[in-house]
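To convert a position in the sequence shown, counted from 1, into our numbering, add 104.
No lab work stands behind these hints: they were computed from the structure. Hints are supplied without guarantee of correctness; some may be wrong.
FRET-style restraints, in silico, Cβ to Cβ [claimed, not checked]:
#, residue 1, residue 2, range
1, 208, 144, 15 to 21 Å
2, 224, 159, 14 to 20 Å
3, 296, 319, 27 to 33 Å
4, 216, 170, 33 to 39 Å
5, 289, 206, 17 to 23 Å
6, 217, 319, 36 to 42 Å
7, 156, 321, 31 to 37 Å
8, 211, 159, 25 to 31 Å
On a predicted model such as this, the values are computed, not experimentally measured, just so you know. For every residue, glycine included, the Cβ atom is placed at its ideal position computed from N, Cα and C.
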Amino acid sequence: MKKITAEIADNYVRYGIKSKNFTRKKCFSFVTIFIVLGAFAILLYNKIPMICVASACIALDVVVSLICYLKWSATSLLVLQAAHLLAFAVITDAIYFAMYQAAGLFVLQDFIVAMSLQAAFVLPISAFTVFHAATFKETFNEKKSSALYKICGVVGGTAYAVTSVLCKIFLTDVSASVVLSILSVLMNILVYLLIFVIVNVIYRIYLLKKFNLSFDVQ
Numbered sequence: 105m106k107k108i109t110a111e112i113a114d115n116y117v118r119y120g121i122k123s124k125n126f127t128r129k130k131c132f133s134f135v136t137i138f139i140v141l142g143a144f145a146i147l148l149y150n151k152i153p154m155i156c157v158a159s160a161c162i163a164l165d166v167v168v169s170l171i172c173y174l175k176w177s178a179t180s181l182l183v184l185q186a187a188h189l190l191a192f193a194v195i196t197d198a199i200y201f202a203m204y205q206a207a208g209l210f211v212l213q214d215f216i217v218a219m220s221l222q223a224a225f226v227l228p229i230s231a232f233t234v235f236h237a238a239t240f241k242e243t244f245n246e247k248k249s250s251a252l253y254k255i256c257g258v259v260g261g262t263a264y265a266v267t268s269v270l271c272k273i274f275l276t277d278v279s280a281s282v283v284l285s286i287l288s289v290l291m292n293i294l295v296y297l298l299i300f301v302i303v304n305v306i307y308r309i310y311l312l313k314k315f316n317l318s319f320d321v322q
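With the sequences and hints as input, model every part of the structure.
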């Protein structure tokens, strides 16, 4: 495998930072979203474990947002992005769990398999990320479409699909098991995409520190 150099690392990290229109003023922009998602999960499954998980996701986002706001830097920006994505992935899985519990269709073995596959996905995507970074040749250009934007587009499309399926649950007579099966697939795809981006962000943080890179951020 091609060895990553300081120049390649600089381009790779810079591309990841500059391709996102994220500023210090937006540090707390996701807190409201997590509160809504957490409330939805608790509404579906009003038990202490779910309350703890939802609260932990919200608390993580608030604490990391506050720390990054006070100590704003390129590293803080990447750490905050990783925290946002991690909290989003966990709370998505929590909603997935809560929906099956609310419908009385929860099967522990199926849930364990789903979570195990997500965990196993980290290894191949980590290998791919290292390879992609080592062969990275792009330099940042604001007019270019970042791969992250494409991923966000897929995430947005998945979120739309999830909303549509939820409407099917409450507005039609479609079987709950069929709808939840479709919804679980969509939500797992969403989590896989989030894991992909999380691993990319974490590796950028590693390269930032390894090569002592410096970037100006707003």
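Against the structure, the hints come out as follows:
1. 208 - 144: 15 to 21 Å: For residue 208 and residue 144 the Cβ distance comes to about 18 Å; the hint holds.
2. 224 - 159: 14 to 20 Å: Given range 14 to 20 Å: violated, Cβ gap about 28 Å.
3. 296 - 319: 27 to 33 Å: Holds: the Cβ-Cβ distance is about 29 Å, inside 27 to 33 Å.
4. 216 - 170: 33 to 39 Å: Holds, since residue 216 and residue 170 (Cβ atoms, about 35 Å apart) stay within the stated range.
5. 289 - 206: 17 to 23 Å: Between residue 289 and residue 206, where Cβ atoms are some 18 Å apart, the hint holds.
6. 217 - 319: 36 to 42 Å: holds, 41 Å
7. 156 - 321: 31 to 37 Å: Taking Cβ atoms as reference, residue 156 and residue 321 lie about 34 Å apart, which means the hint holds.
8. 211 - 159: 25 to 31 Å: holds, 26 Å
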